[in-house]
Amino acid sequence: MDLIALLAIQVLYAIASLALISVGLAIIFGMMRVINLAHGEFLMLGGYAAIVATSHGISIWIAMLVVAPIVVGIIGVIVEMTIIRFLYGRMVDTMLATWGLSLFLVGLTTAIFGNTTVGISAPLGSFQIGAYRTSGYTLFVIGVAVVVLAGIFAVLRWTRLGLIARGTMQNANMAAALGVNPPRVYAVTFGIGAALSGLAGAVLAPVSGVFPTIGVAYVAKSFITVIGGGAAILSGTVSASALFGTINQIATFATTPVFGEVALLATAIVLIRLLPQGITGRFFRRGL
Amino acid sequence: MNARTLNFLGMGLVGVIGVAFLILTPRFAELDAVLELTIYMIMAILALSLALIWGYGGILCFGQSAFFGLGAYTYAIAMFNIGESTVPLLLAIALPAAFAALLGYFVFYGRISDVYLGVITLTVTLILFNSVNSTAGPEFHIGVARLGGFNGIPGIPPLNYPGNRTAVIDLEGMFYLSTAALLAIYFGLRLLLASRFGRIIVGIRENERRAELLGYDPRAYKLAIFTIGGALAGFAGCLFANWGNFVSPTIFGLAQSAQIIIWVIVGGRGTLIGPIVGCIGIQWLTTALGANQPSGSDWWTRLLANAPLVLGIILVAFVLLVPKGLVPTLGDFGQWLLRARTRRTTSALEPKQAEER
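Chains as they are written, first to last, in my numbering: chain A, 649 to 936; chain B, 976 to 1332.
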């Protein structure tokens, strides 16, 4: 019984972390059809931002939840204005340019921070489930994921900004005819997507540590979550994270973490073969 | 001078330069330079494999290094088990080709769009990297060959002349083999692309729907070209395993994949010579940047020695500023010069006409 409770928490945590690392990418991909291969590096920058801020005496909570998203959001807007803006509609070129950006950012952070892992210790101690102990930080990550997803839902569903965003997503020309300025919407969206990536990177930094090439570990997982999820931003991310997170955690539990990841990636390939439009291409079509 | 003559002239030029390079280099260059040039030739074969499937087939494969690594590992493992290099060499071509065919079947017959294809190939590469990386223990072995995990497989026996296992190919022999193979593959691909099959491939790249309505099955053609690309990459991997007598999982890595794509995009999609030029140029640049790194040098020398940083800037700059790549852009420029000259000499004779499109 205790073991099942522990496993349930681990599965929830796997789902939450998948959803967290994917949601920024899902917003950028869902809104603008831009495949941002520098996504992993945005997460990495979020981690570094939090660590640098903490080492300058800022409280770890503020560093993770405020500083990191703002820093990475600003970087995202700069990237949009200098690179992405010129490549809308050229999906393959965007992919290549953002890959170049990803290499550049890896090189730059290696030059600045060195090729070593830096970490911050996870706050919040641990708690007891029957005979087992698990980290309280796990619950915090799950909580952050829930709050972020709920917040995105609220913004998209009930605010004017969300209305404009959904309109531009459905038909950019029509939205422009009604007085919306799509380039500005895109810039803001890219910034928000980057900020959420920064937040995710910072929140996961105490768990995984941060090093310049950590983006590689994230990027494939977040991509297949977004593509497996399909066009709808929220229901896609949630359903794909639920599926992949569960499989990953159970395979990890049965074998090793490495094969857990391999199982996740293999499932994703099969899923894309069966449902090329992603989960929300067939189910939950009316979702957000 | 029309386009066709230019084309033949270019091919002849490549042939002459290639053969001269093949014969003369070992006579005049030091052994370490020959060794360095050998790896350029091997990587140029890898660049050609992507030039074929991306530049002509229109299939953006982010996982070309998967086939490359698979070829290298297959050769290494088969070599330890067999000891005579003919069968391992063939296996190192056949296995990646079969893997490419399987993956291609999955992707093309599932009608997955090209962007998702990029993500799937990327994912497959990561799966291979992760799996091979975690096989360090002695329990992971195929026959007598231990996989070695992140340590890689050292001391791979070199190729030998077919049928005679004592007559191994030495370093100079590797140079001849790699260069000759590169030339043979280059001209082989030119022939292939000039054939009916090649024309259909290019037609599918230009407009898949139209090719389909004309009665061709794009899935089968794409699968065929993808398989050929996989076989070539596997062959390059086999040569690579020979060159260093060593393979490690990093050849499956994203950095390797990125490099191949950068070679092709810098050199130019839709040409064969471009990716070769791009590959050699970038390789030379990476070596040159990495070599000059005395400790205590000022910060911007250190920054320049940082290969990912420089490669990243090159990739972004080419996508934004020279999207066609070097060779096609130079070709356009040459044609513009040629046209400008003919226009000047003939403009007095011809009647004025509407703007030429």
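Be a bit skeptical, because a hint or two may be false.
Said to hold, decoys possible - Facing chain B, according to a computed beta carbon distance under 8 Å, are these residues of chain A, among others:
#1 683
#2 744
#3 749
#4 761
#5 762
#6 815
#7 817
#8 821
#9 822
#10 824
#11 868
#12 872
#13 913
#14 916
#15 917
#16 921
What the hints assert, rightly or not - Here are the computed lysine to any residue pairs in the SDA-like style, where the Cα-Cα straight-line distance is at most 25 Å:
#17 B:1299 - A:891
#18 B:1299 - A:736
#19 B:1299 - A:731
#20 B:1299 - A:709
Keep in mind the hints are simulated off the structure, nothing from the lab.
No residue lacks a Cβ here, since even glycine has one placed at the ideal position from N, Cα and C.
Please write out, lowest number first, the hints stated earlier that are contradicted by the structure. 4, 5, 6, 7, 8, 9, 10, 17, 20
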